[in-house]
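Student: Spelled out, the chains give:
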Amino acid sequence: MTVAGWATIVAFVAVLTATTPLIGAYLERVYTTEGRVDRLAVRIFGQAARREQSWQSYARSVLVFSALFFGLLYLILRTQTLHPWNPTGLGSPPWDLSFNTAASFVTNTNWQYYGGETTMTYFTQMAGLTVQNFVSAAVGIAVAIAVIRGFAAHSGRSLGNFYVDVTKTLLLVLLPVSVIGALFLVSQGLIQTLGDYTTVHTLAGGDQVIARGPVASQEWIKELGTNGGGFFNVNAAHPYENSNTLTNFVLLWSILAIPAGLTLTFGRMVGSKGQGWAVFAAMMTVFVVATAIVYVAESDPTPAMHAAGLTGSNMEGKDVRFGIGSSSLFASVTTVASCGAVNASMESLSGFGGAVPMANMMTGEVIFGGVGSGLYGMLLFVLLAVFLAGLMVGRTPEFLGKKIEAREVKLVALGTLAVPLMVLAASALALAVKYGSQSIFDSGPQGFSESIYAYTSQANNNGSAFAGYTGYVQPDGNNATAYGLTFADLLGGLAMLFGRFVPLVLALAVGGSLAGKRVTPRGPGTMRTDTPTFVVLLIGTVLLVALLTFVPALFLGPIGQGLTDRLF
Amino acid sequence: MRRDLLPSAIAIIAFTVVCGLAYPLLVTGIGQVVFPGRASGSLVKRERTVVGSKLIGQDFRGRPEYFQSRPSVTGYAADGTFFNNQGPNQKKLADQLKANADAYLKQNPGTRRQDIPADAVTTSASGIDPHISRASARIQARRVARVRRMDLTRVDDLIDDNTDGRFLFFGEPGVNVLELNLALDKEQQ
Chain A
1 MTVAGWATIV AFVAVLTATT PLIGAYLERV YTTEGRVDRL AVRIFGQAAR
51 REQSWQSYAR SVLVFSALFF GLLYLILRTQ TLHPWNPTGL GSPPWDLSFN
101 TAASFVTNTN WQYYGGETTM TYFTQMAGLT VQNFVSAAVG IAVAIAVIRG
151 FAAHSGRSLG NFYVDVTKTL LLVLLPVSVI GALFLVSQGL IQTLGDYTTV
201 HTLAGGDQVI ARGPVASQEW IKELGTNGGG FFNVNAAHPY ENSNTLTNFV
251 LLWSILAIPA GLTLTFGRMV GSKGQGWAVF AAMMTVFVVA TAIVYVAESD
301 PTPAMHAAGL TGSNMEGKDV RFGIGSSSLF ASVTTVASCG AVNASMESLS
351 GFGGAVPMAN MMTGEVIFGG VGSGLYGMLL FVLLAVFLAG LMVGRTPEFL
401 GKKIEAREVK LVALGTLAVP LMVLAASALA LAVKYGSQSI FDSGPQGFSE
451 SIYAYTSQAN NNGSAFAGYT GYVQPDGNNA TAYGLTFADL LGGLAMLFGR
501 FVPLVLALAV GGSLAGKRVT PRGPGTMRTD TPTFVVLLIG TVLLVALLTF
551 VPALFLGPIG QGLTDRLF
Chain B
1 MRRDLLPSAI AIIAFTVVCG LAYPLLVTGI GQVVFPGRAS GSLVKRERTV
51 VGSKLIGQDF RGRPEYFQSR PSVTGYAADG TFFNNQGPNQ KKLADQLKAN
101 ADAYLKQNPG TRRQDIPADA VTTSASGIDP HISRASARIQ ARRVARVRRM
151 DLTRVDDLID DNTDGRFLFF GEPGVNVLEL NLALDKEQQ
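Chains as they are written, first to last, in our numbering: chain A, 1 to 568; chain B, 1 to 189.
Chain A extracted, bound-state conformation (with noise of 0.2 Å):
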C-alpha cells in the first residue's frame, strides 16, 4: 500500500461527491421540462411519443423496442461476412455465441465469451455494439426516471412516455457527453481508426501484429453508460484502452458518475434532496469498504508467490501503469457498477480480493449498480427497509408520505429475490452438470469460483469475468473453426435477459402502483427515511440479503482459498 494509492482513492471519492449534485440537478431538469427533444421524439415516432404511458404501457414499450434490438444485433452478428470495415476478414461467430453476445449487450451485461480483436468486424463494434452500449444505457435510466414519477406522483397514474425518455437520454446526455469524452481519450492516445491491424518490425528484430480499430468512442460509452464490454479481450488493460493514469482516473469517475448522479436527481424529484443524499450515503459507505478490502487483500503476496520464494504486492494479472492502488480501485468500481471493464485480470486477484467483487454484485448492483437499473433496483431495497422497520415498530410502513401495502411489498420481495435464485440455480445447474464443467479452466475451488462468478455476473447483468470460464473456444484467431459451448452460451444469456428485465418490471410495477397513491403529510410518528438512522437499516437489508443468500457459496469459493496458503 501507498500514501499515493489511498490518496487517489479518497480523491476519487472526493470527486464522485462533488459532481453527484450537479449531474442530479442537471437529469432533473432533462426530464422534468419540455422542449426541442420532446417535439423531435414527436416527429419521429408520432402518437406514440404523446401518450402518458401506465406502467404496463411503459413496460411494455421497454420490452418491444428491447426485442426489436435484440433482432437487430443478432443479424448483424450473424452476417458479418458481408460488413464494410472488417479488415482482417472475420467470419460470423456461431448461433449460441450470438445469442449470448445479443442478450448481453441488449441487457447492459456486456459479457464476453469472445475476445473483440479476433471475433468481431469493426462494423459490429460500431453498429452492432457501441449502438446496445448507448441504447441499453438509455433504457435503464429511462426506466428509472418513470419509477422516480412513481414515487413522486401526487394523483394519477402515468409514469411517462418512454420514447421520450429515452430520445432525451440520447441527445441531451449520453451522446454530448461521449463526443466530448471519446476526444479526450484520443487526445490521451486511445487508438480511433478505420485502418488495417498493422506490422511492426520490433526492435529485437520480430514481427509484432498490432489490432487496432476505433477504440475510443466505444471505450468512452462502455463506461459512462455502465456497460463493459471491451473492444479488445483484456478490456481496459490493454494500452489502447486506458493509456495512462489520467485517463483510468477518468474512466472511473465516468463509470460511477451517473449511478451517483441519479440518487440526487430521485431526491430532488420527490422533493427531498435529503433523500437522495441518504440513498447516496448507504452507496458510498459500502463501496468504500470493499474498496479499502480489495487494496489491503492485493497489496499482499499470494500464496503462489509465496511458494515461488517472492515478496511485494499481487502483480500477477494487472498492468505498471495502474500499479495495485488503481487496479484495485477498478475492481471495485467495476463490480458495485454493474459495469464489468477491468484494467487487471479478475481471476488473478487475491482471495479476498476477488471475494468483494462477487460480494458487490451479489448486493444485486444496488451500490450504485447500472445507470438507472442500480437507482430502481435500490429503491425496492428502500420500501424493503421501510418494511423491516415498520414490522420493528408496529406500525403501517410509509415512504414519501405514501403508505407501502401488501401489494408492493409482494412486488417488492419478488424483485429483491428474483436474481439471487437465478444466480443460485443457473450456478448450481452449471456446477451439477457434466456440461458446466467443460467452461472451467482452473483446477480446485478456483474452478468453482469461476462458475459462480459466471452466472452472479451475468444474471446482475455485471459482465466482469473470472475469464478462464470459457463460453467460446477459439483456435489461434481463426474463426473458421471456432466453436461455441452452446451450454454455457444459452444458461449464460437466459440468466441475462432474466436478471434484466424482471427487475426492471417488476420495478415499474411498483412505480405504478405508488403513482396512484395519496400522499399524506409527515406527522409527529413518521418514521424518518432521510437520517443516518435509515442509511444503517438500509446498508444493513441490502447486506443481509445479499450475505445470507450467498455466504456459503463464498466460504466454498475466494474466502476459503484467502483463509489458506496452499495451492491446488
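Derived by calculation from the structure, the hints in this document are not laboratory data.
Misleading hints may appear alongside valid ones.
Some chain A residues near chain B, calculated using beta-carbon distances under 7 Å [as the list claims (entries may be wrong)]: (1) T8; (2) S61; (3) L68; (4) F69; (5) L72; (6) F134; (7) T193; (8) T202; (9) A204; (10) F232; (11) G351; (12) F441; (13) A467.
Taking lysine-lysine pairs in the DSS-like style, the calculated list, with each CA pair at most 30 Å apart, reads [claimed, not checked]: (14) A:K410 <-> A:K273; (15) A:K434 <-> B:K91; (16) B:K92 <-> A:K434; (17) A:K273 <-> A:K517; (18) B:K54 <-> B:K106; (19) A:K403 <-> A:K273.
For glycine and all other residues, C-beta sits at the position ideal for the given N, C-alpha and C.
Put chain B on the given structure of chain A with help from the hints.
Tutor: Positioned in the frame of chain A, the structure of chain B alone reads:
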C-alpha cells in the same frame, strides 16, 4: 404490442445510424485531424521503419543488451490478447512464477530472490504492458550497462528520462521499455 412495433422499428434504425455510425465516424474524423499520431496508435519510427507503438510492449527475450518487458502469457501478441487466468492458489501459477524468477535471477546475477520486484516475474494484465517498474529497471540496468559497456550512471539517467510519471498521484510511475531501448541504441550509434 402492435402500438409499439412501428415506433420501436423506427427507433432501432434511427438510433443505429446516430449512435453506431454518425458518432464513431465523427470522433474518428475529428480525432484523425486533431491528433493524427495518437488516433492511429502512437506508432514509433526509427529512420523509415515503424518499430512499434509507444503504448504497446514488445518482446526483447534473448537480447540481454535490451531491457526486458514483463512476462507475457500471450508472447506479447498485440492482435489477440488474453489474461493468464491462473488463480492466486493455483499450483500452475506457482510453477510459472518460480520459472520466471529463476530466469530473472540468471539474467541479473547478484540479485536475491526476495528482492525481485513483483512486476518482473508476474504476467501483466494486457500481455503487452509497455512499462516495467523503476525497481526492475534499476536491477536490469547493471546487466545492460555491462553488456553494452556503458557507464551505469548514464543508463540510470536514461531510465529517468523514459519514466512515465503519475498524473498527480494516480497510478504508478513506469519505465517505458521500448522508448528506453530506443534511447540506448541511439546513444551508441
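Student: None of the hints should be skipped; say for each whether it holds.
Tutor: Hint check results:
The interface hint given for A:T8 holds, since its Cβ lies 5 Å from the closest Cβ of chain B, which is under the 7 Å cut-off. At a threshold of 7 Å, the smallest CB-CB gap from A:S61 to chain B is about 5 Å, leaving the interface hint in force. Because the smallest distance between the Cβ of A:L68 and any Cβ of chain B comes to about 5 Å, under 7 Å, the interface hint for this residue holds. Interface hint status for A:F69: upheld, as the beta-carbon distance to the closest one in chain B is roughly 5 Å, under 7 Å.
Annotation: A:L72 was flagged as interfacial toward chain B, and the flag holds, the nearest CB pair being 5 Å apart, inside 7 Å. A hinted interface residue such as A:F134 counts as satisfied when its beta carbon comes closer than 7 Å to some beta carbon of chain B; here the least separation is about 4 Å, so the hint holds. Against a cut-off of 7 Å between C-beta atoms, the interface hint on A:T193 holds, since the closest Cβ of chain B lies about 5 Å away. The interface hint given for A:T202 is met, as the beta carbon of that residue sits about 5 Å from the closest beta carbon of chain B, less than 7 Å.
Checking A:A204 against chain B: minimum C-beta separation of about 5 Å stays under 7 Å; hint holds. For the restraint placing A:F232 at the interface with chain B, the shortest Cβ-Cβ distance is roughly 6 Å, inside the 7 Å limit, so the hint holds. For A:G351, the interface hint holds, since its Cβ comes within 7 Å of a Cβ in chain B; the closest pair sits about 6 Å apart. Because the beta carbon of A:F441 sits about 6 Å from the nearest beta carbon in chain B, less than 7 Å, this interface hint is met.
Interface hint status for A:A467: upheld, as the beta-carbon distance to the closest one in chain B is roughly 5 Å, under 7 Å. Proximity of A:K410 to A:K273 is assessed by CA-CA distance (about 28 Å); at most 30 Å being required, the pair is judged to hold. This hinted pair checks out: A:K434 and B:K91 have alpha carbons roughly 24 Å apart, not beyond 30 Å. Under the criterion of a C-alpha separation no larger than 30 Å, the hint pairing B:K92 with A:K434 is consistent with the structure, at around 24 Å.
The suggested pairing of A:K273 with A:K517 holds, with an alpha-carbon distance near 21 Å, which does not exceed 30 Å. The straight-line distance between the Cα atoms of B:K54 and B:K106 is roughly 28 Å, inside the 30 Å bound, and the hint therefore holds. In summary, the hint linking A:K403 to A:K273 is supported, as the alpha carbons are separated by about 20 Å, within the 30 Å threshold.
In this structure, none of the earlier numbered hints is contradicted; all agree with it.
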